[in-house]
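Enquirer: These protein sequences, in sequence, are chains A and B.
Note that our numbering gives residue 384 to position 384 of the first sequence, counting from 1, and the numbers run on in steps of one.
Note that our numbering gives residue 110 to position 110 of the second sequence, counting from 1, and the numbers run on in steps of one.
These are calculated hints, taken from the structure and not from any lab test.
In this text the structure is predicted, and so the values were computed from the model without any measurement.
Heads up, a few of these hints could be off.
Examples of chain A residues lying across from chain B (beta carbon under 8 Å, computed) [to be verified]:
#1 Ala34
#2 Gly37
#3 Leu80
#4 Asp90
#5 Thr98
#6 Phe101
#7 Thr218
#8 Leu225
#9 Ala260
#10 Trp262
#11 Ser267
#12 Gln281
Virtual Cβ for every residue (Gly too), placed ideally from N, Cα, C.
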Amino acid sequence: MSITASEWWMMLTAVLACVPCALLGALLVLRRMALLGDAISHAVLPGIVGAFIFTATRNPYAMLAGAMVSGLMTAWFTSLFSRYGRVAEDASLGVVFTTMFALGVVMLQFVPRGVDMDPTCVLYGLLEFTSLRTVEPVAGLRVPEATALLAPVAVGVVLFVGIFYRRIRLVSFDPALARSLGIAVGVFSAALLTLTAATVVASFQAVGSILVVAMLVTPGATAQLLTDRLWSMLALSCVLAVTAAVGGCLMAIHFDSSAAGWIGVVSGGQFALAAVLSPSQGLLIKRVRSLALRVRIEREDLLATMYRREELRAGQRVDLPDTSVDRMPKRPSLVTVLALRSLRKGKYLASVGRAVELTDLGRSAAAELVRRHRLWERYLSENLALPLDHLHEPAHRLEHFADPERDELKQIAEHEATKNLLDPHGRPIPRVDRDSPPRR
Amino acid sequence: MWDELLNMLTMRDSTTRTVMLGVGSLGVACGVVGCLTVLRRRALIADAVAHAALPGVCVSFLVLGERELAPLLLGALVAGLIASGIIAFMRGRTRVKDDALIAVVIGVAFAIGIVLLKSIERAPGGNKSGLDGFIFGKAASMIRQEAVTVAVVSAALVAVVLLLFKVMKLVTFDPAFARSAGLRVGLIDLLIVSMVCVCTVVGLPAVGALMIVALMIIPAVTARSWTDRFSVMLVIAGAVGGAGAIVGTALSASVRTTSGSSLPVGPTIVLTIAALCVLSLTLSPKRGVLAGWLRHRRARRAILAQRARERAGAVEAGVRIGPSPGASGVRR
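Model the full assembly from the supplied sequences, consistent with the hints where possible.
Expert: Next up, the structure:
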């Protein structure tokens, strides 16, 4: 695939539009102002159309000014309604930006004929035709107008984030502390809003008003899924934005389709991938972790059950049928199968014919588990005065997560060690040789 | 202009009556359903649903190749349900918050829609005309059958809300208690979201995707500023939505721009309702901005006056307490 000069310009413009969007978007996502970007990108319409009607030219600076005014008005009205009118923040945003957008569409009808401005162009953007409209040649290069407009905005946003990085971090994560340290949080918020409005407007021609929303929030949200640190989140959202812009343009060239649309689609694909595959909080890893936890609990339950069966057979068991002893499913679930397999592999269980029995290693591990369970039952019965029939459930839950002999409850165990070792149901609490603790 | 407006509002001819029946009932249904989402702090779900409608319409056009309204709207409905399903599924499962999720869905759904729209344009014999009418809507060309359909669906939506009034009330104001009382809160949330989807889809051809969002949020916010009761709020929101839709449609048909064309219906309706809303938010005696500001000022005066009295009392008693009010950082 050969790429023409105008396509290079298109790609460069897309990158210049996406990077500042992604940087500011990451900050908006952190401050839970993601939808403000959406709102501003709709609400700048009346400002742009107004500037257009007023000056009767496509002067980008007039449009920029008009859009800034209406963007900031949106933010201001939203906070006014939610603070004094006691309207929920999101509803107030919804009222303001839809109204502004409606106003813009109505005002479009009053644009004098012969000036090319139609709503679809405003919505979709015309990245493909970037290089048709150029400014005066700079150093022999015919730079497209959109590129020339976006470049200073991109540089400005990067500089803003770079210079005020430490303050941004403080204000994003702990506005109260920032305020008490004397940082003007309000000024910072206003600066963020102003820059967002400027970026939205400058990207307007290139990516279109609604796709700015995609580029404003998606890379930031994707980066949030992948990292825990602000600097890497910012860097990552830039990288994601650049790859989405370049990838989207290439797809658009290949399919002869809308570049702005493809950039949004690629960016959405990045988000979907990160949501599923992110190593720290992806849906997949969460599934795996929860499966691992369920297998561990099932292993422990199986061991303890085997131990109690042995007790029962040896006639040591006193009374009270323990439901968990008699519980053996006919068709074991995946979790049970995995747990059994890992127990066999670890030599906790040995096969005897078609049945299994505890090995010595398994027995000492099981004894420790049962000991925990019964120590917890004693503790709950004596210290919290729970009735006998309410002891099993909480002890059963605690035994998997808290060891009464290692945690702050150590003294009960020591206390118990000197007494005759029976649980509240009258069953013996197994002794465990603590000098060589068996690995479970 | 005024004669035309009067003619429209008195509904002399049958075309006007048809259109008014359609938009009026749509306005009522949107107002009522909107209350549920606004009170549940999910106002902007409707925004995501509305944006998802575009790819839905495109997909059903590509698959079925028909321009019939019903299958296109079915596509929009399915896409809306998928979008709200994704938001509901992801909510709380990762670190990404609700608002960012909604924004991501909005942007990406619209991007998909635009890519699909382009490929429809390029397909042989394909012509997108009519499809992008969904973005702005054309209520004026509503035919009798469409208007009746819209009216029936709207009536059904309102009936569902009325029939499940108590359940809705409980789930809206105290979901935790509703759950402990044995209600399937998830199911009812799904019902509410589905109603939002139906509203959006039914309103698409009439007022357009972006405006239907406004039609759901603004009447609810307007109603909320006048009352603290759920039932009253539903009635006011329905009335504001219905009346706004009718007056807006009449205005859009009777006001002419400089070039002689009429105003787009959807945005005009939104501006009409928004004007009502801004008036309510400003002037409402209990929750209005003006009332809030006055209350604030009264409270500050009262506090200052009390301080002054205490100070005077202290001075009389010969106790010195701190610097004078002017120097203590209290403004004015």
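Enquirer: If a hint holds in the structure, say so; if it doesn't, say that too.
Expert: Now the hints, each set against the structure:
1. Ala34: Nearest chain B Cβ about 4 Å off; hint holds.
2. Gly37: Check passed: Cβ of Gly37 (chain A) comes within 7 Å of chain B, closer than 8 Å.
3. Leu80: Holds: closest Cβ of chain B sits about 6 Å from Leu80 (chain A), inside 8 Å.
4. Asp90: With a closest approach of 5 Å, the Asp90 (chain A) hint holds.
5. Thr98: 3 Å, holds
6. Phe101: Given a least distance of 6 Å, the restraint on Phe101 (chain A) holds.
7. Thr218: 5 Å, holds
8. Leu225: This hint holds: Leu225 (chain A) lies near chain B, its Cβ roughly 6 Å from the closest one there, short of 8 Å.
9. Ala260: Status holds, d = 7 Å.
10. Trp262: This interface hint holds because 6 Å falls under the 8 Å limit.
11. Ser267: At 7 Å from the nearest chain B Cβ, Ser267 (chain A) passes the 8 Å test, so the hint holds.
12. Gln281: 5 Å, holds
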